[in-house]
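Keeping the supplied structure of chain A fixed, place chain D upon it in accordance with the hints.
Top line first, the protein sequences correspond to chains A and D. Okay, so the first sequence: first residue is 1 according to the UniProt record's numbering, each after it adds one. Okay, so the second sequence: first residue is 1 according to the UniProt record's numbering, each after it adds one.
Hints were generated in silico from the structure; no laboratory data involved. Built from N, CA and C at the ideal position, the CB exists for glycine as well. Careful, some of the hints might be misleading.
[As the list claims (entries may be wrong)] Reference listing, derived: stretches of chain D covered by chain A, where coverage requires no fewer than 3 residues with Cβ under 8 Å from a Cβ of chain A:
1) 76-86
2) 141-154
3) 200-207
[What the hints assert, rightly or not] Counterexamples of contact, computed for chain A against chain D with all Cβ distances above 12 Å:
4) Gln42
5) Leu141
6) Arg305
7) Met345
8) Val402
9) Leu456
10) Val466
11) Ile512
12) Ile524
[Claimed, not checked] Pairs of lysine-lysine residues, derived as DSS-like cross-links and limited to a Cα-Cα distance of at most 30 Å, are as follows:
13) D:Lys109 <-> A:Lys386
14) D:Lys109 <-> A:Lys308
15) D:Lys14 <-> A:Lys392
16) A:Lys308 <-> D:Lys137
17) D:Lys151 <-> A:Lys271
18) A:Lys315 <-> D:Lys130
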Amino acid sequence: MIRTFRISFSLKNTYRVNTILYSLKQIPLIRKILPQSLYRSQGLKIFANILSGLWEIAGTFLGKVLYLLIMVFGLGMLYENTGDGRMFVHILFFLSLVGSYMNTYMFNPSNDKYYAMILMRMDARSYTLTNYAYAVGKCILGFLPFTIWFGVERNIPLWCCLLFPFFIASVKMLIAWNYLVDFKRTGESRDENLPGKLGWILTAVLLAAAYGLPYLGVLLPMWLMAAFMVLSVAAACGAAVYMGRFDEYRTLYQQLLAKFRNGMDYKATVKAAVEEQNRKLISQDTGITSSRKGFEYFNELFVRRHQKILWKSVKRQAVICLFLFVGILFLFQVNEDIRKQINRMLMVFLPYFVFIMYMINRGTSFTQALFMNCDHSMLTYSFYKKPEFILKLFRIRLREIVKVNLLPASVIGVGLPVLLYFSGGTDNPVNYLLLFVSVMAMSAFFSVHYLTCYYLLQPYNAGTEVVGGTYKIVTWATYIVCFLFMNLRMSTLVFGTVVTCFCLIYCVVACIVVYRVAGRTFRIRN
Amino acid sequence: MNFVIEHLSKAFEKKQVLKDITFTFDSGKIYGLLGRNGAGKTTLFNCLNRDLKTDGGDFFLQENGERAELAAEDIGYVLSTPTVPEFLTGREFLKFFIDINEKSIADIKDLDEYFSIMNIDEEDRDRLLKDYSHGMKNKMQMLINIIAQPKLLLLDEPLTSLDVVVAEEMKQLLRSLKKDRIIIFSTHIMELALDLCDEIVILNHGELEVVDPSNLDNGGFKDKIIRALKEEEND
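Okay, chain D solo, but in the shape it has when bound:
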């Protein structure tokens, strides 16, 4: 399975944020999306999630050479600021989610089992989500997106504000999830991208390009990425 973007463009007034993006993502990989501040990473995600209208272009899934529309349920989108329905408890949110999606979820587990996957403590499971910490809300959001098993998982700076232990747990989890799906992970932190991602993609001048690590050691690869990101200034 591939996820294909063709000629995607988006401008705000006169500022062209995404310029004719054409790119193919392969399943089974985690893509690290790097870009400087204001490069348009979140805009790209919002367009893919259809929260923003694009000015032109198309994106779709390709399975065995056949083109399939990207349905809403095919996408999971985890935002940097976790958003959860604050009037529900963790357990209630999970129950609601499974209730309405029971037909599309393969092998439904016991609710507590799901909580255990995310290391959410027993006493926290029946608390209102409004009283959850930032990291715990993030875990809940991630959990929902994991159970939904979307073909395309977009993660917008998801680990930045988590403590080291939770961040490490999440990294492990993402690695275990990448089979049969495409994960695009946007971040500012290069070390994180190098540590977690299989491919590094740079959003620069409104275009996507892969940075090829061929024959470079870690330091050399970093330099290459920085050079690619800096290119803007030399224009």
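For reference, chain A alone in the conformation it holds in the complex:
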């Protein structure tokens, strides 16, 4: 058994090391330095082995720390604390129950199990038992230092801190026991990643108990939880005996891992999922037709068959914005304070709207759908790549995406000056105009920006993966810049003028650049 474990561990380590090397090879600058034969290089292997070791340690401890800090102590801080730490115990107690069936280890169909038991035909029983024991040990060892450390600090009794990691492991074992018995009876294996309707409802109930009850001031009594924990740990011994005697692991995993049979290729699986998802965006409505011709015909059909992500979603945005504005107008009537505050905000808060306009823009969804459902295939036809056709379609698409985004933009563009007027107005009437114009300009800017980036940096390869590094950088930079604008306070007069001018200039320049080079850049990447 120890031999099986050693082999399976080194197998897992080997592919982890190779994954690390592969990931290194994907980083743009490092890719150039690394040799083709990197999987043979001893030095790199040692480096990756160290990383892999660190990964194992991080997997043991780091995840648990974060889990405790965020889910238990972090969220627990939001409540009024009674001081004896009982609430933290209460939360962790219920979360552990959720974890018992959402994270069983044994019923998780993972790659390493497939490699070892199916591909390498390792003995399923000894593989499962040793690796399961290792996983349970890791769980206890990973939690123990932190339940003690954080627990004692928050006045939780030491015995409870010591008992908790064993409790967490024990409920997992009890569930696994139950699933094994179930398998013996029905011949159907469970998959922890598919908890089913009942599982999700149970999760919702348990989460409500974890976080909802403390909110209402109800906490389980300590003695009750303690009794449950002790019982659970004791019962887990029974589970361990059953697992040790269970003799159908091979059949169980044969079934659980069946989905891997159709290929282990992660990329292919992701690709198929992405393609499927995009295919679903295409409307099946047979009533959709077009009376236009050529590229206009092509574009109209595309837009109308992608209503769901284009027009429908902007219409929804527009309605929500409208309701918000009406709501705020109503608030003006009832609360004088809010009215004054909004008036002040409207005069300095325009930079904030850069981020809002960024968030509501449909540019990314549009370009993504364009590639996945249209250009991905069309770019393999040589007639489609004629420069004059590329530009013709670019013009049509630009018009379309600007139009789509202008709908919510115009609601915001009209809404803001109206709010300004009813919140007390301004001395300088130019502000009304600027609010409107700058919102419209920003909307046009984002539309142009996304489409231009798409045409100039077309980032996808034939496998619909994003391979263009520059494109990723530009997308991130756009996000960060827009995000930073949220912190900027500047008078609407100044900011509105600057941003409008910038947007107009950008749009003109972008279109000129596209006209010059898109014929060459708009290609499927390799």
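Okay, now just chain D, sitting in the frame of chain A:
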């Protein structure tokens, strides 16, 4: 008309996939491009279709001794995995294609006539392409490339995943198309190449070479091809 490749080369990092390829293809013939896995057949096609930048060399058409650039519309490229715009119906795709190319297509036929050439059933013509089977998508892709009448037609393993009936239909179609154009057909299946192609060209060590069938019977010719393909191992 000839299609000429001169000193074409392409490397990925240190791996030289195409080494100084020089070759002349004659019109009216179907060339079977054979090569082992990873020999670079798809790379060669991607270079010719200008989806990949070459490291060096040139390729062009030669008509009556005069050199003419190979324009995008001169090439048709049919991939092994058929790619069609899934949001259109078969009929819409065809209409769009003919709309924008009406000036360059000689004697435009009725749309249904085109579908009939490819044996695409009437009830399938108005279905979204996303609901087409693999073979039907392949037919659509082929149909577009046929109507466009490119001077050079590149086919990358196009028949491999088709059922026998469709594959046979496609073979007939390709034979009827070869007049006045050059068809290069890449495949792994030697029997298919022998059955369909007029010339067998091998991509080996990054170079193209013709296998001459002179005086050999079918079995002897096969052996010769295998030997040529195996050469790599004896280096």
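Outcome of the hint check:
Interface restraint, the segment 76-86 of chain D with chain A: holds (7 residues with C-beta to C-beta distance below 8 Å; minimum three). Closer than 8 Å: that is the beta-carbon criterion, and the segment 141-154 of chain D has 4 residues meeting it against chain A, so the requirement of 3 holds. Using a Cβ-Cβ cut-off of 8 Å, 0 residues of the segment 200-207 of chain D lie near chain A, which falls short of the minimum of three, so the contact claim is violated. The Cβ of Gln42 (chain A) sits about 20 Å from the closest Cβ of chain D, beyond the 12 Å cut-off, so the non-interface label holds.
The Cβ of Leu141 (chain A) sits about 44 Å from the closest Cβ of chain D, beyond the 12 Å cut-off, so the non-interface label holds. The beta carbon of Arg305 (chain A) is not kept farther than 12 Å from every beta carbon of chain D, the shortest such distance being approximately 5 Å. Distance to chain D confirms Met345 (chain A) as a non-interface residue, since its nearest Cβ pair spans about 43 Å, more than 12 Å. Residue-level check passed: Val402 (chain A) sits 21 Å from the nearest beta carbon of chain D, beyond 12 Å.
Under the 12 Å C-beta cut-off, the non-interface status given to Leu456 (chain A) relative to chain D holds; the minimum distance is some 17 Å. Chain D leaves Val466 (chain A) outside its interface by the beta-carbon criterion, the shortest separation being 17 Å against a cut-off of 12 Å. For Ile512 (chain A), the condition that its CB be more than 12 Å from all CB atoms of chain D holds, with the nearest at approximately 23 Å. Against chain D, the non-interface label of Ile524 (chain A) is violated: not every CB pair exceeds 12 Å, the least being about 6 Å.
Distance check on the hinted pair: Lys109 (chain D) and Lys386 (chain A) sit about 24 Å apart at the alpha-carbon level, within 30 Å; holds. Proximity of Lys109 (chain D) to Lys308 (chain A) is assessed by CA-CA distance (about 36 Å); at most 30 Å being required, the pair is judged violated. Between Lys14 (chain D) and Lys392 (chain A) the alpha-carbon distance is near 40 Å, which puts this suggested pair outside the 30 Å criterion. For the given pair, Lys308 (chain A) sits about 25 Å from Lys137 (chain D) by alpha-carbon distance, which is consistent with the 30 Å threshold.
About 34 Å separates the Cα atoms of Lys151 (chain D) and Lys271 (chain A), which puts this hinted pair outside 30 Å; it is violated. Taking the CA atoms of Lys315 (chain A) and Lys130 (chain D), the gap is about 27 Å. The hint holds against a cut of 30 Å.
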